[in-house]
Amino acid sequence: MPDFRDLTLYVIRHGECEHNALGVVAGQNDSPLTEKGRGHARANGVLLKSLAGDLSQFDFFASSLHRTCATMEIVRENAGLPRTGYVADRRLMEIDCGDNTWRRWSDITTDAQKNPVWHRARWDYQHPGGESFHDLYRRVSEFLQTLKRDSIIVTHAGPVRAIRGHYLGLTSDAVLSYETKHAGIMRLSAGTDATYGD
Amino acid sequence: MNVTDFRDLTLYVIRHGECEHNVAGRAASWDDSPLTATGRAQARNNGHLLEEIVGDLSRFDFFASPIHRTCNTMELVREGAGLPPTGYRADHRLMEIHFGDHTWMTREEIAKLDPQLPGLDDQDDWDYVRPNGESWASLHERVGRFLPTLKRDAVIVTHYGPARAIRGHYLGLSAMQTKSYKPPHAGIMRLSAGAETYFGT
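Sequence order for the protein chains is U and F. Mind the numbering: the first sequence is residues 42 to 239 in the working numbering, read in order. Mind the numbering: the second sequence is residues -7 to 193 in the working numbering, read in order.
Bear in mind the hints are in silico, worked out from the structure with no lab data behind them. We put the CB at the ideal spot given by N, CA and C, even for glycine. Just so you know, not all the hints are guaranteed correct.
[Claimed, not checked] Covered stretches of chain U, as calculated for chain F (at least 3 residues, CB under 8 Å): (1) 125 to 136; (2) 155 to 165.
[Said to hold, decoys possible] Residues of chain F placed beyond 10 Å of chain U at every Cβ, according to the derived structure: (3) 23; (4) 50; (5) 168.
[Stated by the list, open to error] Below, in silico cross-link-like pairs of lysine to any residue (SDA-like), each with a Cα-Cα straight-line distance of 20 Å or less: (6) U:77 <-> U:189; (7) F:104 <-> F:51; (8) F:174 <-> F:143; (9) U:77 <-> F:76; (10) U:189 <-> F:79; (11) F:143 <-> U:140; (12) U:77 <-> F:77; (13) U:77 <-> F:51; (14) U:77 <-> U:93; (15) F:143 <-> F:72; (16) U:77 <-> F:143; (17) U:222 <-> U:47; (18) F:143 <-> U:189; (19) U:77 <-> U:87; (20) U:90 <-> U:48; (21) U:189 <-> U:231; (22) U:222 <-> U:63; (23) F:143 <-> F:2; (24) F:143 <-> F:96.
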């Protein structure tokens, strides 16, 4: 089994969804891609083809939630591949926000600031009835250990940060401060990150 | 405050269409695999059937598990019923039982791991927590937290385990009675006025 840090990974966030436009956190719920979000996915497919060239040497993985699989299928179509032919893995799902699901991020943080854990280490703050970022980080690590070849990964904001953190060996602050976008692709290769098309 | 008891509502419950993992005899659980051509046809037919049974669907809310296969099925059902594909809510409490380390295994492979493990549908596996996953009892409990959020008659597209749990909660069944139901990919279960009716099976 290769060390995943020796592989090249192209990491893509799902296209914009209705909950992103509304400013609420979907967590492990889902909402449809907007027209803009479908455009993000199409553009990322074309970009991926131009960046990676021959895609036959890559494995393809998506979070098993609907928005990431829908994005993956649009990406593949626009990269000249059949829609299916990827693996949908639960460990790439967005953080489980529990009772905070479908709330505004600003309302969540206002409540979370009443919790001493939030101030000590935001990393360890657990959403009521859900996960902490630490939990997410661990399950994404389990997924990364299973990779055998260079890969294309379509996932969510939280797991994008976690993949980048594991690959580059970052501190928790550096992991959490990374801003992800719907448009564009992050390439992790030979110990460094590069972003394209954002 | 919940002013509505979900047992006073009419619920149409639909399982996702057949997927590649179903054909392979494997449990995808929180992972996913594509609907087969048969599965897509089952979903469309369930849509036609739903419109035939209900007629005016405008007074219904629509809910699906947020996993790809159930949302895809919901969109095919809605199209088959003459509705736009979106216009439903995807709720995580409707996800399949979490099989943890048993995900993607066949029954035989799970049994081989440890001959003492209860089988998938054995009588005594209700409280058995799968390694890094959950038990039928915890699935039942989370589906039981979803149902009181319903405010109107609803169409629900979900998986094998949650379809059994919804029926169990609605009819007030024991664990054994809950597990005796085998939800099919083709056909619709109606829960209404304290009774179950099956269409298209």
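Tested hints:
| no. | hint | in the structure |
| --- | --- | --- |
| 1 | 125 to 136 | holds (count 6) |
| 2 | 155 to 165 | violated (count 0) |
| 3 | 23 | 5 Å, violated |
| 4 | 50 | 19 Å, holds |
| 5 | 168 | 28 Å, holds |
| 6 | U:77 <-> U:189 | 33 Å, violated |
| 7 | F:104 <-> F:51 | 49 Å, violated |
| 8 | F:174 <-> F:143 | 27 Å, violated |
| 9 | U:77 <-> F:76 | 18 Å, holds |
| 10 | U:189 <-> F:79 | 39 Å, violated |
| 11 | F:143 <-> U:140 | 19 Å, holds |
| 12 | U:77 <-> F:77 | 17 Å, holds |
| 13 | U:77 <-> F:51 | 30 Å, violated |
| 14 | U:77 <-> U:93 | 24 Å, violated |
| 15 | F:143 <-> F:72 | 25 Å, violated |
| 16 | U:77 <-> F:143 | 32 Å, violated |
| 17 | U:222 <-> U:47 | 25 Å, violated |
| 18 | F:143 <-> U:189 | 47 Å, violated |
| 19 | U:77 <-> U:87 | 16 Å, holds |
| 20 | U:90 <-> U:48 | 18 Å, holds |
| 21 | U:189 <-> U:231 | 16 Å, holds |
| 22 | U:222 <-> U:63 | 16 Å, holds |
| 23 | F:143 <-> F:2 | 11 Å, holds |
| 24 | F:143 <-> F:96 | 36 Å, violated |
When each numbered hint is compared with the structure, violations occur for hints 2, 3, 6, 7, 8, 10, 13, 14, 15, 16, 17, 18 and 24.
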